[in-house]
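> Residue numbers (the working numbering), protein chains in the order written: chain A, 1 to 176; chain B, 1 to 130.
One should not assume that every hint holds.
[As the list claims (entries may be wrong)] Within a straight-line C-alpha distance of at most 27 Å, the following computed BS3-like cross-link-like pairs (lysine-lysine) qualify:
1) A/Lys-42 / A/Lys-57
2) B/Lys-21 / A/Lys-42
3) A/Lys-47 / A/Lys-57
4) A/Lys-163 / B/Lys-21
5) A/Lys-57 / B/Lys-21
6) A/Lys-163 / A/Lys-57
[As the list claims (entries may be wrong)] Between beta-carbon pairs, the in silico distance windows are:
7) B/Glu-22 / A/Leu-75: 21 to 31 Å
8) A/Glu-160 / B/Arg-29: 36 to 46 Å
9) A/Glu-173 / B/Pro-25: 24 to 34 Å
The hints are simulated quantities; they were obtained by calculation from the structure and are not laboratory data.
Since the model is a prediction, treat every value here as computed from it, not as a measurement.
We treat Cβ as the ideally placed atom computed from N, Cα and C, and that holds for glycine.
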Amino acid sequence: MNPDELSSQLAALHTEAFGWALHCCRGDAGLAEEVVQNAYVKCLQGKLHHDGSGSLKVWWLEVIRLTAHEEWRRLRRSEGRLTAWLRSWLGDADESADERPHPARQMELSEDAARVRDLLSRLPARQGEVLHLVFYEELTIADAAAVMGVSFGSARQHYERGKHRLREWLEQEETR
Amino acid sequence: MNDERESDLQRRIAAWREQEKEQTPAFERVWRRAQRARQTSTASSGWRWRRVFGLGAVAATLMCLSVLWWRREPDTLRAGGESADALSAAAQIAASDWEVPSDLLLADAASQPSLQIAGLVGEINSLLQP
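Produce the entire structure from the sequences given, and follow the hints as far as they go.
If you want it as structure tokens, here you go:
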């Protein structure tokens, strides 16, 4: 695939890729942009090839997920054990484990959108991922399972549980 | 009821999705940065090889120096042997009430430092004798 062709194909998936990267980076827009950029670098270096067997979108979202995990690992390594220990000693451990989106990011979205984003991010990781892929990326549960690297049955279970929990939360919000 | 909830959720997610789309960084900008990062990483991989060769050269030099040091070791041992000889000669002289044994005096003093010390002790001894 020549660079122009590659560029045009990736451009068509850019918005979806960024949205997914944003979810994988727990709402950190700067990190999400870096993840997408690193995925592009991998493509330019010829390290990634889509064999054409499945959907390009599914393959690309899987690449983004793996790149985001690499980035998290790199950040955690660079943070170092000493910093982590100092943080826990200073009592910031709960803050670092908070999976809710970056506060600055939440401010940018409207109240309603931010609430949805907040509710999704409160779900367990797998449930949040599958709901994001199905509702936001408009994938089927089977495709979401392929992106997440889990079986179809497992993805379906996460989907049902996540949806059930979201419904409960929405009901609780409305009764308040 | 469930369908209503689901459609409500989908509507909210769609609204959120639209808002996030607007905030997506432009593809061209990210793509250009990726191209620059790729060029930088190619250049840095060249530097990486140079570093590997440089460290290899330093390691080889250190290894050569350690081999040379190891080959020097017998001389060092010999020097230690000489000190031991001198000490034993001094002990011998002291034990014989500061009289230098004749075998030590007869030996070739120039070639053996231990005997040089023995000769020196003998001279001091003779000066101290009334």
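> Can you name, in rising order, the numbers of the hints this structure does not satisfy?
none
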